[in-house]
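K.L.:
Protein chains in written order, with this note's numbering: chain L, 55 to 841; chain D, 3 to 257.
The hints are simulated quantities; they were obtained by calculation from the structure and are not laboratory data. The structure presented is a predicted model; accordingly, all values stated were derived computationally and were not measured. Any given hint could be a false lead.
[Claimed, not checked] Computed from the model, here is a short list of chain L residues facing chain D with C-beta under 7 Å:
1) R57
2) D60
3) A744
[Stated by the list, open to error] One side only, chain D facing chain L, incomplete, derived with CB under 8 Å:
4) R82
5) T104
6) N119
7) S123
Where is the CB? At the ideal position from N, CA and C, for every residue including glycine.
Listed below are the residues making up each chain.
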Amino acid sequence: MIRALDIKMLRDLRRLWPQALAIALVMAAGVATLVLGVGAYQSLSATRERYYEANHFADVFAGLTRAPLALKRDAEAINGVAAVETRIEKIALADMPGMSEPASVLLVSLPEGGRQVLNRIYLRSGRLPDPQAGEAVASSGFAKAHGLAEGSMIRVLINGRQRDIRISGTALSPEFIYTLGPGALMPDERRFGILWLPEVVLGPSYDLDGAFNSLSLSLVRGVNPDTVIASLDNLLDRYGGQGAYRRKDQQSHAFLDAELQQLRSMSRILPPIFLLVSAFLVNMTLSRLISLEREQIGLLKAMGYSSFAVVRHYGGFVTLIALAGIAIGLVAGIWLGAGMAKLYAKFFSFPFLVFTRNPAVYGTAAGATYAAALFGAVNAVREVAWLSPAVAMSPPAPQKYRRMLDGLPDLRIRFSQSAVMVTRHLTHWPFRTASSVLGVSLSVAILVGSLWSFGSIDHMIDVTFRRSDRQDAAITFTEARPQSALFAVRRLPGVMQAEPFRAVAVKFRNGPVERRVSLVGRRQDATLAQVLDGDLRPVVLPRHGVVMSDSLARLLRLRTGDMVTIEVLEGRREHHRVPVSSIVTGFIGLTAYMEIEAMNSLLGESPVISGTYIALDAGKRDGLFATLKETPAAGFISLQYIALQKFRETLAQNVTIMISVYAALAAIIAFGVVYNFARISLSEQGREMASLRVLGFTKAEISSLLLGELAIVVLMAQPLGWGIGYTFAYVMTEGFKTELYRVPLVVNRNVYAWASLIVFAAAAVSGLIVRRRIDRLDMIEVLKTRE
Amino acid sequence: MLININPADAFRGNGWAMENGPGPVFRVSNLCKTYRSGEVEVQALRGVNFEARSGEFIVILGPSGSGKSTFLNIIGGLDRATSGHARFRDHDLTGASEAALTRYRRDHVGFIFQFYNLVPSLTAVENVRLVTEIATAPMRPEDALALVGLEGRMDHFPAQLSGGEQQRVAIARAIAKRPDVLLCDEPTGALDSRTGIRVLEALTRANAETGATTLVITHNAAIAEIADRVVHFANGTIAREIRNSSRKEPSEVSW
Chain L
55 MIRALDIKML RDLRRLWPQA LAIALVMAAG VATLVLGVGA YQSLSATRER
105 YYEANHFADV FAGLTRAPLA LKRDAEAING VAAVETRIEK IALADMPGMS
155 EPASVLLVSL PEGGRQVLNR IYLRSGRLPD PQAGEAVASS GFAKAHGLAE
205 GSMIRVLING RQRDIRISGT ALSPEFIYTL GPGALMPDER RFGILWLPEV
255 VLGPSYDLDG AFNSLSLSLV RGVNPDTVIA SLDNLLDRYG GQGAYRRKDQ
305 QSHAFLDAEL QQLRSMSRIL PPIFLLVSAF LVNMTLSRLI SLEREQIGLL
355 KAMGYSSFAV VRHYGGFVTL IALAGIAIGL VAGIWLGAGM AKLYAKFFSF
405 PFLVFTRNPA VYGTAAGATY AAALFGAVNA VREVAWLSPA VAMSPPAPQK
455 YRRMLDGLPD LRIRFSQSAV MVTRHLTHWP FRTASSVLGV SLSVAILVGS
505 LWSFGSIDHM IDVTFRRSDR QDAAITFTEA RPQSALFAVR RLPGVMQAEP
555 FRAVAVKFRN GPVERRVSLV GRRQDATLAQ VLDGDLRPVV LPRHGVVMSD
605 SLARLLRLRT GDMVTIEVLE GRREHHRVPV SSIVTGFIGL TAYMEIEAMN
655 SLLGESPVIS GTYIALDAGK RDGLFATLKE TPAAGFISLQ YIALQKFRET
705 LAQNVTIMIS VYAALAAIIA FGVVYNFARI SLSEQGREMA SLRVLGFTKA
755 EISSLLLGEL AIVVLMAQPL GWGIGYTFAY VMTEGFKTEL YRVPLVVNRN
805 VYAWASLIVF AAAAVSGLIV RRRIDRLDMI EVLKTRE
Chain D
3 MLININPADA FRGNGWAMEN GPGPVFRVSN LCKTYRSGEV EVQALRGVNF
53 EARSGEFIVI LGPSGSGKST FLNIIGGLDR ATSGHARFRD HDLTGASEAA
103 LTRYRRDHVG FIFQFYNLVP SLTAVENVRL VTEIATAPMR PEDALALVGL
153 EGRMDHFPAQ LSGGEQQRVA IARAIAKRPD VLLCDEPTGA LDSRTGIRVL
203 EALTRANAET GATTLVITHN AAIAEIADRV VHFANGTIAR EIRNSSRKEP
253 SEVSW
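Input sequences plus hints: build the corresponding full structure.
P.N.:
Here it is as C-alpha cells:
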C-alpha cells in the first residue's frame with residue numbers, strides 16, 4: 055500500500071498542478087536549449103566530418119598558372135603527402151536563360167574516366183559527362199536555381215568563345231558546400247555555380263593540354279601541413295604558384311566552419327545561461343512554495359516524523375516535478391535538435407545527415423536542473439524543519455513593519471492604505487523581493503540575450519552595404535588590366551560612376567602568425583567603396599602603409615604603427631615590410647587596404663587594376679548586363695543588391711532558426727516565473743486578503759494589492775533585465791566571432807521593448823489567472839480557522 | 003523508508019532506561035521559558051512545578067498568556083525550556099536532543115490541537131494512517147476512527163467534515179499509536195457546546211480505553227468537572243490545583 059505521506063505528496067502535486075507544470079516547463083526549457091543546441095551542432099559537425107571523409111576532401115590546396123602533368127609525381131613525392139589530384143579550374147561567364155545579369159561558373163576538370171582521387175563529387179542525378187558530347191555536370195544548387203536537369207543546355211563563354219554545354223547530371227561536392235563567386239561576400243547559387251567537365255574538353259580550350267593549374271592533396275595523418283605547404287610552394291614557384299593553403303583557408307570550408315562555429319557558440323553560451331536561469335528560478339519558486347507548507351511541516355514533526363523524513367518528503371515532491379520537467383525538456387530538446395539539424399543540413403546541402411546522440415549532454419542538463427531543484431527544496435524545508443514543531447506550527451509571529459518615511463508623517467497621508475500595504479510588504483522582505491525582481495529580470499535578460507542579434511545583423515548590413523560598400527556592383531576582370539579598362543567600363547551603358555580597384559592575394563605575417571587575405575588597393579578619393587574607422591567615418595587611404603580591419607589586426611597582434619610583412623602570392627612573389635597606418639571597422643571577412651598607386655608601386659607593376667566598382671542607373675541595368683555577357687574580359691560581376699539579399703538569407707536564416715527557438719523557450723521561462731510569482735504571493739497573502747474581504751473591501755481593492763505588488767516587481771525588474779541581457783549579448787558576440795564575421799554588439803531599443811512586452815504579457819496573463827482566484831476566495835474559511 | 007524504532011532502544015541509546023511503574027508519568031520542576039521575539043522578551047513560564055500519574059485526566063485552566071500552551075508544548079517535546087527540568091517517567095525532556103524528542107513524540111505522545119491540523123490532502127483514514135505508519139504498536143486506523151464514532155466517514159477529506167468531526171479525526175489520529183500521554187490544546191475551543199461534548203466524550207473514552215495520561219488545556223471552566231484534577235495557570239506559574247472528588251460525564255456538563 056502507498057504510504058499516507060506519499061499519498062499526501064501525490065495529492066499536493068495534483069492540487070498544485072498548474073504551478074508544478076509551470077515550474078516543470080521552466081526546467082524543460084533550460085534542459086531543451088542545451089540538448090537541442092549541442093545536439094544540432096554535433097549532428098552537423100559529425101555529418102560534415104563523414105561527408106569530407108567519404109568524398110576525400112583534400113587537406114591542402116594550391117592554385118598556379120600552368121604546370122606540366124609530370125609535376126604531379128614530384129608533388130606525390132613530398133614527405134607526408136598521401137594523394138595528389140591535379141586539375142584545371144577556370145572562371146567563365148554563363149548566359150542563363152531568363153536572367154538578365156550575367157552568371158559566372160567555375161569550370162573544373164574531371165580526370166579521364168571520371169574517377170577523382172580527391173574532392174570527389176557526389177552525383178545527385180544523371181551521370182558523368184561524356185567527353186564526346188560536350189557535356190558537364192552542374193553543381194546542384196546552381197542547377198536547382200535555374201531549373202537545370204539532365205539534358206538542359208546552357209551557353210558558356212569559354213576562353214572568349216561561346217559554347218553550348220549539355221547538362222549530364224547534377225552533383226554536390228565537399229569542396230563547394232558554399233560557392234562564392236570571386237569578390238562576392240555571400241554565396242549566391244543563382245549567379246555562381248560549378249560545372250565539372252572532362253579534362254580532355256577543358257584542357258585544349260584553355261591551352262592547358264597535358265597541364266594543370268590547380269592542385270590539391272591529402273596528407274598522411276599526423277603530418278604538419280606547414281612543412282608540406284612549404285615544399286609545395288617551392289615546387290610550384292616556377293609555375294606561377296599562388297601559395298598553397300590549408301583546408302581551414304579553403305573558402306567553402308571556412309564559410310561552413312564559421313556557420314558551425316556560430317551554432318556551437320549559440321549552443322555553448324545561450325543554453326548554460328538558460329539552464330542557470332531556469333535553475334535559479336526553480337530554486338526560488340520551490341523554496342517559496344515550500345515555505346507555505348510551514349504548518350504542515352510542524353504537524354508532521356509533532357507527530358514524530360524526523361526532520362530528515364520531512365526533508366525527504368518534500369525532496370520527493372520536487373523530484374517528481376523535476377522528473378517531469380527533465381523528461382519534457384529531453385524529449386523536446388532531442389526532437390527540436392533533430393529537426394534543426396535537418397533544416398541546417400538542407401541549408402548546407404549535405405547529401406546525408408548523421409544524427410548524434412550525446413548521453414553526457416543529457417546527463418549534464420538533467421543533473422544541473424535536478425540539483426538546482428533539490429537544492430531549492432531542501433533549503434526551504436530545512437529552514438522550517440529545524441524549527442521546533444511548536445514554533446513551526448504556529449504561524450510566524452507578526453512581522454515588525456516599519457514606516458518607510460519615518461519622521462515625515464505628513465507625506466504618508468497622500469498614499470492610500472493599500473499602497474502602503476504593498477510597499478511595506480515589498481520592503482519588509484528585501485531579500486525575497488530582490489530575488490523575485492532578479493528572477494523576473496533574468497527572464498527579461500534571456501529574451502534580450504536571444505533577440506538582440508536581429509538588430510545587430512541590421513547594423514552589420516547598414517554599415518557594410520550602405521556606408522562602406524556603397525557601389526551598386528563590382529566588375530572583376532579575369533586578369534589585371536591597364537588603367538584604360540576603367541575608361542572602357544565608364545563607357546558601358548548605365549554606368550554612372552566607376553572607381554578602380556586592385557586586388558592581390560597576399561600573406562600577412564607578423565612573427566609566427568600569418569593570414570592569407572586579399573589586399574585591396576583603392577583610390578584616395580574613392581566615394582563608392584569606402585573604408586570606415588571605428589566611428590564609421592570614411593578613412594582616407596594613406597600614401598604609405600597598409601590599412602587593415604580590426605579583426606585582422608587582432609589576429610596578427612598588430613597595432614597602428616607596427617610593421618608587418620606582406621608576402622605577395624602572385625607575380626614576382628616578393629616580400630615587403632610595411633607599416634600599419636590605421637585600423638578600421640569591418641564586420642565581414644579579414645580585409646586589408648592600400649592606396650592603389652602605392653600598391654602598384656609596391657608590387658613593382660605599371661598602373662593596373664583588377665576591376666571596378668560602379669554606380670548604376672537602375673533603368674539601364676539590363677543593357678549593361680547584355681553587354682557584359684559579350685565581354686570576355688569581365689570575369690565576374692558582383693551586384694550589391696543581390697549580395698545584400700543573399701547576406702540576409704544566409705546569415706539571417708542561420709541565426710534566425712536558432713534564435714527563434716531560443717526566444718520561444720525564453721518566453722516560456724518568463725511566463726513560468728511570473729505566473730509562479732503571482733500564485734505564490736496569493737497563497738502567502740490569501741488569508742489576509744480574505745480577511746479584508748470580510749471587512750468590506752471589494753474584490754477590485756484586494757486584487758489591486760496583489761497585482762500592485764506584481765506590477766512593481768515586474769517594473770523594477772525591467773532595467774535590471776536589460777542590463778543583464780546586454781551582458782549576455784556581449785558574451786555572445788565574443789563567442790560569435792569568427793574570421794569571416796564579427797557580429798557587432800548592437801542592442802536596439804526595440805529589443806528591450808520586445809523583451810519587456812513579452813514579460814508584461816506573461817505578467818498580465820498571470821495576473822488575470824490570479825485575479826480569478828482572488829474572486830473566489832472563501833471568506834467563511836478564514837473566519838472559521840485561525841491565522 | 004522510516005525505520006520503526008523500539009522506544010526502549012531509542013531511549014537507551016540516549017542513556018535513558020524504560021521504567022513502567024505506578025510512579026509519576028511527568029515530573030516537572032522549576033520550569034522556565036522565555037521567548038524573545040525581536041526586541042520583546044516574554045516570560046511565558048516562571049518556575050512551574052508539576053506531576054502527573056499514569057492514566058490521570060487533567061484539565062489545565064487559565065487565561066490567555068498564562069503559559070499553559072507553552073507548558074504543554076514543552077512536556078510534549080514540541081519546544082524546549084529555557085531552564086528547569088521536565089521528565090517523562092525518568093527521561094529528561096529538557097536536555098534531550100532533537101532526534102530524541104522526535105522519537106519521544108513518535109512513540110509516547112498524541113497531540114490534539116484547537117484547529118485540528120489535519121492534512122487537507124488526506125482523507126480521515128489516511129490522516130490516521132500518517133501516524134500509525136510510524137508507530138511501533140498502533141491500532142488499526144479504522145479501529146481508532148470507530149472509537150471516536152467516525153467509522154462511517156473514513157474516506158472523507160477534512161473539507162467534507164464538520165468541525166466536530168474533524169476534531170474527532172484528530173483524536174483518532176492521536177490515540178491510534180496508543181500513546182502514553184494525550185496532550186490536547188483547546189480541543190473544543192472552536193466548537194459549539196453540543197459538538198464539543200461529543201469531542202469530550204471521545205476524549206474520555208480514549209483516556210479510559212488506552213490508559214493514556216490526558217492533559218486538556220481549556221478556557222472553559224465547565225470542562226473542569228470531567229477531570230480527575232484541575233490545574234490553574236496564571237502569569238506563567240501554577241496558581242492552584244484542585245482534585246475533583248468525583249468526575250462528571252461529558253454529557254452532564256454544559257456551557
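K.L.:
Compare the structure with each hint and give your call.
P.N.:
Evaluation of the provided hints:
1. Annotation: L:R57 was flagged as interfacial toward chain D, and the flag holds, the nearest CB pair being 6 Å apart, inside 7 Å.
2. The beta carbon of L:D60 comes no nearer than 10 Å to any beta carbon in chain D, farther than 7 Å, and the hint placing it at the interface is violated.
3. Among the interface hints, the one on L:A744 is violated; its C-beta lies about 16 Å from the nearest C-beta in chain D, farther than the 7 Å criterion.
4. Taken as an interface hint, D:R82 checks out: its beta carbon lies about 6 Å from the nearest beta carbon of chain L, inside 8 Å.
5. Taking 8 Å as the C-beta cut-off, the interface hint given for D:T104 holds, the closest approach to chain L being about 5 Å.
6. A distance limit of 8 Å between C-beta atoms decides the matter here; for D:N119 the minimum to chain L is near 5 Å, and the interface restraint holds.
7. Checking D:S123 against chain L: minimum C-beta separation of about 4 Å stays under 8 Å; hint holds.
Hint compliance for this structure: hints 2, 3 are not met, and every other hint is.
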